[in-house]
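With chain A held as given, fit chain B onto it using these hints.
Each chain, written out:
There are 2 protein chains.
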Amino acid sequence: MAQEIPNIEDMGFPFPQAQPNFELLGALPKNVKRRVCALKKVQLASIDVEAKFYERVHALELEFEALFKPLNEQRKQIVTGEKEPTDAECDVPLLHDTQPDVIDQLYEKSEADSNEKGIKDFWLNVLKGHDLTSDLIQEHDTPILTYLTDITTSTSVDPASFTIKFHFAENPYFKNSVLQKEYFLEIIPQEDSKFDFDGPNVIRVTGDKIEWEDGKNVTKKAVKKKQKKGANAGKFMTKTVKADSFFNFFDPPKSADETNEDEDAETILIAMIRA
Amino acid sequence: MAQEIPNIEDMGFPFPQAQPNFELLGALPKNVKRRVCALKKVQLASIDVEAKFYERVHALELEFEALFKPLNEQRKQIVTGEKEPTDAECDVPLLHDTQPDVIDQLYEKSEADSNEKGIKDFWLNVLKGHDLTSDLIQEHDTPILTYLTDITTSTSVDPASFTIKFHFAENPYFKNSVLQKEYFLEIIPQEDSKFDFDGPNVIRVTGDKIEWEDGKNVTKKAVKKKQKKGANAGKFMTKTVKADSFFNFFDPPKSADETNEDEDAETILIAMIRA
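Chains as they are written, first to last, in my numbering: chain A, 31 to 305; chain B, 31 to 305.
Treat each hint with caution, since some may be false.
Copies of the same chain look alike in the list, so a pair counts if it fits in one copy or across any two.
Below, simulated PhoX-like cross-link-like pairs (lysine-lysine); rule was C-alpha separation at most 25 Å, straight line [unchecked claim]: (1) K258 <-> K224; (2) K195 <-> K205; (3) K70 <-> K113; (4) K71 <-> K150; (5) K246 <-> K265; (6) K106 <-> K82; (7) K71 <-> K250; (8) K251 <-> K239; (9) K265 <-> K71; (10) K71 <-> K158; (11) K150 <-> K195; (12) K205 <-> K70; (13) K113 <-> K256; (14) K239 <-> K284; (15) K211 <-> K158; (16) K224 <-> K158; (17) K259 <-> K205.
To be clear, the hints were calculated from the coordinates, so they are not data collected in a lab.
So that you can see chain A by itself, here it is in the shape it has in the complex (with noise of 0.2 Å):
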């Protein structure tokens, strides 16, 4: 979600992430530099309020969170099936901003009704369909993404974090029942680092082990390497290495500082929190 005042506090002296202009600041006349160590003084101070503000609204989101959670929480019975929807629940145009006779050539492409319940497919086709998403799915992952039956978030504030939990049904490729992916958020900045605060900073973030059953695990693939030297030199060693898959997105960087392994997961991270 952005927030969409402009802050003018950015635009406060010496900005947050630019380079000091040391000619300009330099030649200025001691006197005028004890006036800018000052504004910088008052600048502490409004970092200090703008750090407030956001944790009023990461509150804010918490308070939220109670609103849209009977909203998601029909939107998974309708899913899974676990509640045939009234015709009341269901008078709006299946697409919205399109001509009824379009419309009616969707009703006509119509597959025989099926006995089965829900959406079939859905959160597949929502992660297929979403662009942060698509790239980061495989066609190994496919088939495991089919027993994906909801997405839901929850948000902490003590520690402030927000997390990410995908649910999945009984399955044969792995054993837990809700993958989880947590953002720890520093919401109030650092002494020595709050003239380069921005807004809240994710400074750690954690992702479920994912119990794989034998053989189904897709974010690992066996590759053979001629050894180069040793006793074994010459010989074809087989060695499991890291495969692309979705299911890395539960794999993240330890740190901020570590060096990322997986440009995906890290891409869609930076993107999600950015969004």
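Just chain B now, kept in the frame of chain A:
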């Protein structure tokens, strides 16, 4: 200010901005299409909750404006020289994250103390130093911006808007003491565009008319044009056309529909809104 929690609602179905997958949707059995309609109705209810969230954030902006105000007032007093800061108000380093010896060098480079009050050309240098505004400033704008004494913002709830005010000392260029630009927001989406809702939307932008002193209007320039046809064919006629200037910032497109004559102003407008 960016709100950091990813909006899982955006991952609902159908996606805002996403092209509906006609093939996928058409093939769905009629009883499944019914359930998709039910999901859309749930999605509409979610969007209403989301809009309420943004209303609350906007109200929070207004609440925090009162907390920023005294700090911005202090900043103004230091910048304009209305107030000379006490030693206690200056006890922070001239530059953060900087080695003391580098700071010492900056002090060595200091010119002799001047009798000038405050910090000369502070806001001119802020605007020159900020990448959102530096490109807008033309050579003929610089002397005018030396009279800029403060930049303030204000938020309004009814109608929802925010305003940027540029305060100027008495100057030989224009009569206005304040030039302001107001951004009007649509926080609650219209019924027919709910599925496109992605947070508050700037629906109208207004800027103050600058009362230029005679011959001082830097946003206009006279060009000589050879007449192609008519009685004056072949003669050179003087024509007044729009000139590049920072002050075009206050002459935004009247509506989103209107073709934008000032790419620069449009760029900064959007950049500031999305900031």
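### Query
Out of the numbered hints, which ones does the structure contradict?
Hints 1, 5, 7, 9, 12, 13, 17 not satisfied by this model.
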